[in-house]
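Can you make the complete structure from the sequences, with help from the hints?
Line by line, the protein sequences are chains A and B.
Here the first sequence is numbered in my numbering, starting from 1 and rising by one per residue.
Here the second sequence is numbered in my numbering, starting from 1 and rising by one per residue.
When chains are identical, the list treats them as one kind, so a pair holds in a single copy or across two.
Straight-line C-alpha distance at most 20 Å; calculated SDA-like pairs for lysine to any residue: (1) Lys240 to Phe98; (2) Lys240 to Ile220; (3) Lys225 to Arg107; (4) Lys344 to Leu39; (5) Lys342 to Tyr248; (6) Lys240 to Phe338; (7) Lys225 to Gly110; (8) Lys342 to Arg246; (9) Lys342 to Asp40; (10) Lys118 to Ile299; (11) Lys185 to Glu270.
Hints listed in this document are in silico derivations from the structure and should not be mistaken for laboratory results.
Since the model is a prediction, treat every value here as computed from it, not as a measurement.
Protein chains: 2
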Amino acid sequence: MTLAINDLNVPYRLLLGPGPSAVHPRVLRTMSTALVGYLDPEWLSLMDEEQALLRDVFQTKNTLTFPISGTGSAGMETAFCNFVEPGDTVVIGCNGYFSERMCEMARLYGADVKRIEKSWGDVFTQEEVEAALAANKPVKLFALIHAETSTGALQPLEGMGEIAHRHGALLLVDCVTSLSGAPLKIDEWGIDLAFSASQKCLGCPPGLSPFTAGEKAVEILHRRKNRVPNWYLDLTLLEKYWNKERVYHHTPSTTLHYGLREGLRLVLEEGLEDRWVRHRAIAEYLWEKMEALGLKLFIRREHRLPSLTTVCVPDGADDAAVRTRLREAYNIDIAGGFGPLKGKIWRVGLMGFSSRRENVTLLSEALREILDGRK
Amino acid sequence: MTLAINDLNVPYRLLLGPGPSAVHPRVLRTMSTALVGYLDPEWLSLMDEEQALLRDVFQTKNTLTFPISGTGSAGMETAFCNFVEPGDTVVIGCNGYFSERMCEMARLYGADVKRIEKSWGDVFTQEEVEAALAANKPVKLFALIHAETSTGALQPLEGMGEIAHRHGALLLVDCVTSLSGAPLKIDEWGIDLAFSASQKCLGCPPGLSPFTAGEKAVEILHRRKNRVPNWYLDLTLLEKYWNKERVYHHTPSTTLHYGLREGLRLVLEEGLEDRWVRHRAIAEYLWEKMEALGLKLFIRREHRLPSLTTVCVPDGADDAAVRTRLREAYNIDIAGGFGPLKGKIWRVGLMGFSSRRENVTLLSEALREILDGRK
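Below, the structure written as structure tokens:
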């Protein structure tokens, strides 16, 4: 019966949502390579190469730098299950959906969560962070979302590491939607812990979460009082496979790693800074085109993410109907808002291979046609 | 500097180890398909199809049947973090490496673990299970490894569900190395919980863990006293995306799912029973060839796995040197033993697309050349 299920025959969509973004053709091609075993010497060399590439993209020298076998949320959980113990104070900057997820996970691992709150779309100043950390001493971990995919806001990070460290806290940063799409300098900015995702600005399929932890964080990990209460994401076990004696933990997804290695090579071939400039330039073109259509952007210019733009749904337009028409008539995929922004914004991602001038030209003309009267 | 890292250029290996097995070319080809978004109506249909295919392969009607976003170990952890609460008694049949992993995970989630022990390579009888469950009442969960990859033993499962249920326990089965490679009937055999892996007999890349849970197990899940203490693997959140209102949890790995869907179609095209017969026939050919070389098999015939055969390293042969020569001169990948079997056995996997007569012919002739004096 189920044999009647056909060959895979998915429509070709232009992916301009919050991710997955379009995967670069070279990445897809590389992923058709036949597999090798996870202890093959050739595979072990590939792991070293992937880590070297990832350190360059993260702008770090951290030894503990490798992809977690899961999506960005698995990377987030890796941070909380390894670096939080019951009773630890964790301060979280709450200004969107993914910071709420952080609060949920931190509590799951026993943290005493202290929230600093801003409206969805706002960002935190150094003074606000300084005050929150001073008021909650001692703080084990202070967490911020660099690129908030639910709002389109870019949190400035320079100086935050210094403040966190002055208060004895580790700085954790979610850079799921910023890695290689916006300036991010793990070592220079004093970021102790960061996680990202393969399917955003890196232009690879979902399924891997690049992760990095600095020396001080690793020391804290090794001095834990209790065992890490999560087996699959336990960094003390994972680092034995990635960084030490190659002790088997779980079978890595060979094919996803082939793809990520190719995606990281593409980043460095383009040049990390040139890639940041491209993401910014294509985003600015989108902002211009949206404003030319009379549409308002949700985030004020100085805090806008280059990789994800939030456009206010104009009065009189039906949010879902416009997106359905975009998908059905033009094969363009963008997303709506959720939580307090449901029905109020469209989320347009221009990440990795999706960040191309012609995609913006097409999207804005399609939007014009739809808004001008569903031609 | 890292730009000097070359194009991916891995050697072509014949994968005859414990997994990953060779990925079917149609699966790799399918995975080069461009991605769609995770809420695209076309994607949601694919999810339904993947679940229907998976139910057929598991031989179950269970609603909660979908792949977990991780490898087999993530599937194992899913079972323990969702169905065990602190203080629950869990009985585990311990006769190899992966049952030790089960004990570790069960303890991590607060279980009172009762081990039934057998030597590595032995299997449990119904009488032994009956006695263990009677001695440890009340038992929440009873766990067995169907196909123990560290030893090559196949645990008979018929009747075990009935015994478990008579004692009020759920039956959990690890079928990582058996799903579609050996007879397995989830519903008929009364198995309440099972997990597998994509990279074994299903012939797909690693990264997904097919999972199924019966009605009684799902009721127990919904009646938990405490929240599931693992966010990424929380089935109460995952089922909302897979089975209910499509609430976003984490971004699924589109590309791995494309591949798994194709792998499952290949299973059903061949026919599940024909596929079991093929795995058994090719394994029997291997057993014959190994015995013709004067090699002993570690597991006695009636308990041998069709998907993974353990061959005793003959006196005078250097375990590692033989495997290195196989890899370097013939591009054949097999594995050694570990734990108490380190240096004593070779592990030869014949799974999915690797389960082919010509692979056995080649391996046995290569082994003959090496053992006959390293020609």
